[in-house]
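Here the protein sequences come in this chain order: A and H. Everything in the first sequence is counted per my numbering, starting at 31 for the first residue and increasing by one. Everything in the second sequence is counted per my numbering, starting at 31 for the first residue and increasing by one.
Hint data in this document are derived by calculation from the structure and do not stem from the laboratory. Watch out, some of these pointers could steer you wrong.
Identical chains blur together in the list; that is why a pair holds if it fits in one copy or across any two.
[What the hints assert, rightly or not] No more than 20 Å apart at the CA atoms, straight line, and that leaves these computed lysine to aspartate or glutamate pairs for EDC-like:
no., residue 1, residue 2
1, Lys66, Glu354
2, Lys209, Glu229
3, Lys372, Glu263
4, Lys57, Glu198
5, Lys237, Glu341
Number of protein chains: 2
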Amino acid sequence: MSTKPMRQQVEEYIVELQDTIVSAFEKLDPNAGHFKRDSWIRPQGGRGQSCVFPPSSSDSDASSTSSILEKAGVNISVVHGDLPPAAIKQMRADHSSLPYDAERSLPFFAAGLSLVVHPRNPHAPTVHMNYRYFEVTDPNEVDAEGNSKILAWWFGGGSDLTPSYLYEEDAVHFHQTLKDACDGHSPILFPAFKKWCDEYFYIPHRKESRGVGGIFFDDLCDAPHKRLPGESEQPDPSRPSSLEDIFKFIKSTGNAFVPSYLPILEKRAKAESTEHERRWQLLRRGRYVEFNLVYDRGTKFGLATPGARIESILMSLPETARWEYMSEMGSEEGSREEVLLKVLRTPKEWV
Amino acid sequence: MSTKPMRQQVEEYIVELQDTIVSAFEKLDPNAGHFKRDSWIRPQGGRGQSCVFPPSSSDSDASSTSSILEKAGVNISVVHGDLPPAAIKQMRADHSSLPYDAERSLPFFAAGLSLVVHPRNPHAPTVHMNYRYFEVTDPNEVDAEGNSKILAWWFGGGSDLTPSYLYEEDAVHFHQTLKDACDGHSPILFPAFKKWCDEYFYIPHRKESRGVGGIFFDDLCDAPHKRLPGESEQPDPSRPSSLEDIFKFIKSTGNAFVPSYLPILEKRAKAESTEHERRWQLLRRGRYVEFNLVYDRGTKFGLATPGARIESILMSLPETARWEYMSEMGSEEGSREEVLLKVLRTPKEWV
């Protein structure tokens with residue numbers, strides 16, 4: 031059992047996971063050139079590395095390019111700073127161990143990996159993943175090794191798939207891989223986090239989901255969780271609830287990314303596609319932009335944070351998106367576009 | 031002097047203005063096909079007409095099309111309904127004549143024209159305009175002609191220009207035309223509304239304006255206006271403050287649209303352009319999407335309103351937008367892209 035502080039364990043893990051994932055994409059498309067590795071320092075405390083594709087853009091038309099990926103980013107960030115009283119007050123809803131004092135800020139630490147991959151082929155789905163660890167400490171209580179006392183900690187994250195054209199077997203494979211990763215820790219996790227994912231990635235003004243789902247969760251710690259069944263008094267004894275056990279669960283889901291997505295990408299990237307299918311893909315990318323800019327909490331929080339790294343936050347946006355007034359695409363009964371819309375309007379249990 | 035109720039006068043005016051504007055665009059590009067006229071009924075009360083270009087989209091690549099406009103919408107809507115107490119409470123900040131009762135909704139009437147035009151040529155600027163009239167009435171006090179007593183009324187609107195490449199003479203012409211329209215009513219209007227425009231169409235996370243400005247105002251009525259100088263006690267005697275006089279001002283600015291913009295469009299639509307310039311234009315369109323989805327009050331309000339007509343609200347979005355991670359475009363000193371960014375970072379007095 032490791033005796034390193036969790037913040038250090040998480041940092042080491044996400045550095046390694048970022049490298050594994052980026053290498054897997056680069057191996058899949060060796061002619062496409064490497065991701066650009068872009069390290070940055072946060073003046074207020076912390077650092078990060080963005081790995082982005084394409085490494086640079088040119089004036090030539092996007093359509094002339096033959097790479098598997100159109101736009102992708104795999105980011106890690108490890109930051110720390112002071113949490114103002116207003117933010118602490120809000121967090122107390124899920125973390126009652128936090129002391130609130132209107133005059134007192136508290137140090138926080140946050141480390142996470144987030145990725146969004148938009149492939150070029152309309153038959154290959156977009157994927158998103160994010161895992162993060164958050165810690166609030168007491169600056170006045172420091173142990174013999176110099177580590178501050180942890181007042182509250184939690185993990186959050188998830189992974190979800192956004193196809194333009196539905197391949198049921200892809201949705202099943204993606205969900206099954208995530209379910210297996212979750213079930214290795216407790217059977218209650220996957221059903222709860224799949225449901226949460228369907229609820230979170232929803233575009234109210236379009237009355238449709240962003241994609242076909244996956245898992246989503248936040249505030250997972252050693253306290254009862256309102257999203258998990260039967261946890262009004264204490265955590266379900268079957269599920270990971272200690273710092274170390276939840277971290278093991280996070281590693282299982284993070285490690286599931288490559289096997290959940292790369293086989294799908296490899297298969298669909300080679301498919302023939304038409305101008306019609308490309309147009310539909312770009313309309314769907316418009317919906318992705320709508321969700322991320324209007325509803326996504328992380329994006330909204332990031333854009334409103336002074337000094338935030340805007341380029342990392344908006345890395346999730348596609349290279350190209352399209353809007354048509356009253357587009358007829360998707361309305362033809364029995365069309366492949368309509369098949370997707372039906373599933374987005376009524377989320378499905380894939381496994 | 032007309033004795034028709036203002037709501038009827040406004041409706042007649044915007045119907046006529048919409049026709050004038052759409053005809054002017056159609057005349058400028060006779061080979062492009064007509065705008066699509068799309069009338070709609072609001073089940074909860076009211077109607078509207080969207081005039082949109084292109085009339086339909088096809089699978090063929092956007093680059094193969096030769097029309098002057100890429101995407102445009104000129105919408106009118108005339109709607110009525112009940113304003114819930116919470117909305118009335120908010121409005122009282124600017125309209126103290128409104129009675130507030132936590133139990134009581136009040137009838138409202140709203141009529142307006144809004145347009146967004148995205149031309150194809152990167153040298154031709156995008157333009158936006160919106161004029162609207164809002165009325166709250168007392169359902170219990172009805173006069174001999176059957177008209178409810180007006181408890182509060184106001185006009186709002188404006189017009190602004192968003193180029194991808196700066197032509198100073200275009201910015202000057204656009205502002206001069208608007209200034210002349212304003213100055214015919216009072217010299218205090220243009221300076222105040224130009225400033226408001228620069229403040230409103232600002233993208234905080236990019237630290238830049240959406241475009242090169244124009245005019246913007248709201249809540250213009252017979253009460254002192256906090257944006258107009260010296261109006262702490264009563265309206266400046268030089269400016270229009272009666273219902274009829276403000277409507278005359280609105281008509282002057284609405285009528286100024288065609289002369290403010292069409293000559294610019296006609297000139298720039300014929301310019302030669304490169305792939306490099308097209309790419310920059312699409313990046314700028316990405317910024318337009320960011321402003322409209324993240325900050326624009328009308329869009330945010332519309333998306334959050336149950337039963338709102340989403341296709342009309344999102345008509346403002348461009349056909350195509352582009353995002354690049356850490357794009358180098360605009361960073362080369364002395365480039366035409368940098369010239370635009372400089373002006374967007376420090377708004378300028380054009381006239």
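Here is what the structure says about each hint:
When the C-alpha separation of Lys66 and Glu354 is checked against a cutoff of 20 Å, the pair qualifies only between copies, where the shortest distance is 13 Å, while the shortest distance within a copy is 33 Å. Taking the shortest alpha-carbon separations for Lys209 and Glu229, only the intra-copy value of 18 Å comes in at or below 20 Å, while the best inter-copy value is 49 Å. Neither within a single protomer nor between protomers do Lys372 and Glu263 lie at most 20 Å apart by alpha-carbon distance, with minima of 39 Å and 58 Å respectively. For the identical chains of this complex, Lys57 and Glu198 are neighbours neither inside a copy (26 Å) nor across copies (49 Å), given an alpha-carbon limit of 20 Å.
In this homomeric assembly, Lys237 and Glu341 come within 20 Å of each other (Cα to Cα) only across copies, at 13 Å, whereas the closest approach inside a single copy is 29 Å.
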